[in-house]
Amino acid sequence: MTLLKLIWEFFLTGMFAIGGGLTTFPFLMNMSQKYGWFSAEELIDMIAVSESTPGAIGINMATYAGLKVSGPIGGILATIFLVIPSVVIIWAMLPFLDKYRQSRLVDGIFYALRPISAGLIAAALARIMQISFFFPSEALLGPIHWLAVVIFGLFFGLIRLKPQIHPILVILAGALIGILLKL
Amino acid sequence: MYRQLFTTFFKLGLFTFGGGYAMYPLLQREVVTEKGWATEAELMDYYALSQVIPGIISVNTANFIGYRQRGRLGSLAAVSGFLLPSIIIIFALFSLLTQFSSHPIVQHAFSGIRLAVCALVLQAVIKMSRVGLIDRFTRLLFIVTMLVILIFSLNPIYIVIAGGILGGWVRLDRDAA
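Chains as they are written, first to last, in this note's numbering: chain G, 1 to 183; chain W, 1 to 177.
So here's chain G without its partners, still in its complex pose (with noise of 0.2 Å):
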């Protein structure tokens, strides 16, 4: 039954996250608070991992979430039905694509549809803010871990200052400070 869920949850997510990068991100969020298959701090390092691998990240967190929750077989799954409905997708429009690319309509949908993916990363990066930020508690939010939100700070101006730094060397100064401030 839970192979079967994921399965489908993974193809919706192929046919509704569009535009790449952590898109899939709120969709895996999502999945964490309906059924409980890992938790936020596992999708953070999911995130850490896909982005630390080669391979598309969207590809990445698809195996990792599926082997995480049903198995080998989960993880070749998840993965094959993120993609299938883009696969199919792009079958079917390859007739009409130039069309497809003047339409008004589709320029309309996607002007829409570019702040609403911001915003629905946004949203899934408050929730693991909050996670990070405040040391757990009955209270929405719990008392301010301000170790962690000077580090994040720091990391935060160091991509500012360095846009084009690689997000690699990032992750692996966080997992270096964590071991060095026992985090």
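Hints in this document: simulated from the structure, not taken from any laboratory. We put the CB at the ideal spot given by N, CA and C, even for glycine. Honestly, I wouldn't trust all of these hints.
Said to hold, decoys possible - If you only want the chain W side, here are some residues facing chain G, beta carbon under 8 Å, derived:
#, residue
1, Leu-43
2, Met-44
3, Tyr-47
4, Gln-51
5, Ile-57
6, Asn-60
7, Phe-64
8, Ile-89
9, Val-117
10, Cys-118
11, Ile-149
12, Phe-152
13, Gly-167
14, Gly-168
15, Arg-171
Based on the hints, put chain W in the right spot on chain G.
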């Protein structure tokens, strides 16, 4: 030919970190310069289109190029070649990580990594906002999306569907006016 499509995209999947834009320079060399499967302009078109089609950008690009060479089977060869390295590497890493995940050093490392990831994701949101938040309407959509997700934990699918309809309607309405 199928084997060439498979191995070329296997190589691309193996040597590009991050997919999407990170893959472009390597794709350009392999597909345009070495194999001559597409011209520079065609590749740019595929890339632009891949961003406005559901799914992963680099997978969509592989699909376009494979299809143009050898139809549906060609696109399957290219796409599966691209997916395979990811699957193999994540499988290997996953068993390694689960084995050592309870080790204190690994736990400290991941606590630090999570903060780095937060910063990287924030940067991604800022970059996307620069492209997508171009007027009052799009800024409003961004804020409403965030609030609806945070307050109601709604499935993102519904927002994407509603947003697509709203965007198409607004554009056609403005055209008519």
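Hints, one by one, checked against the model:
Given the 8 Å rule on beta carbons, the hint for W:Leu-43 is violated: about 15 Å separates it from the nearest Cβ of chain G. Because the closest C-beta pair between W:Met-44 and chain G is about 12 Å apart, greater than 8 Å, the hint is violated. Contact between W:Tyr-47 and chain G, as hinted, is not supported at the beta carbon level, the nearest pair being about 10 Å apart and thus beyond 8 Å. At its closest, the beta carbon of W:Gln-51 sits 6 Å from a beta carbon of chain G; the interface hint therefore holds under the 8 Å criterion.
Below 8 Å, beta-carbon pairs count as interface contacts, and W:Ile-57 has one with chain G at about 3 Å; its hint therefore holds. With 8 Å as the threshold, the beta carbon of W:Asn-60 comes within range of chain G, its nearest partner Cβ sitting at about 6 Å, so the hint holds. Evaluation of the W:Phe-64 hint against chain G yields a held restraint, the C-beta minimum of about 7 Å falling below 8 Å. The interface hint given for W:Ile-89 is met, as the beta carbon of that residue sits about 5 Å from the closest beta carbon of chain G, less than 8 Å.
Hint status for W:Val-117: holds, given a least beta-carbon distance of 5 Å to chain G, under 8 Å. Satisfaction of the interface hint for W:Cys-118 is found here, the shortest Cβ-Cβ separation to chain G being roughly 5 Å, below the 8 Å cut-off. The restraint placing W:Ile-149 at the interface with chain G holds, with a minimum CB-CB distance near 4 Å, inside the 8 Å limit. Taken as an interface hint, W:Phe-152 does not check out: its beta carbon lies about 11 Å from the nearest beta carbon of chain G, beyond 8 Å.
The restraint placing W:Gly-167 at the interface with chain G holds, with a minimum CB-CB distance near 3 Å, inside the 8 Å limit. At a threshold of 8 Å, the smallest CB-CB gap from W:Gly-168 to chain G is about 5 Å, leaving the interface hint in force. For W:Arg-171, the interface hint holds, since its Cβ comes within 8 Å of a Cβ in chain G; the closest pair sits about 2 Å apart.
The structure is inconsistent with the numbered hints 1, 2, 3, 12, although it conforms to all the rest.
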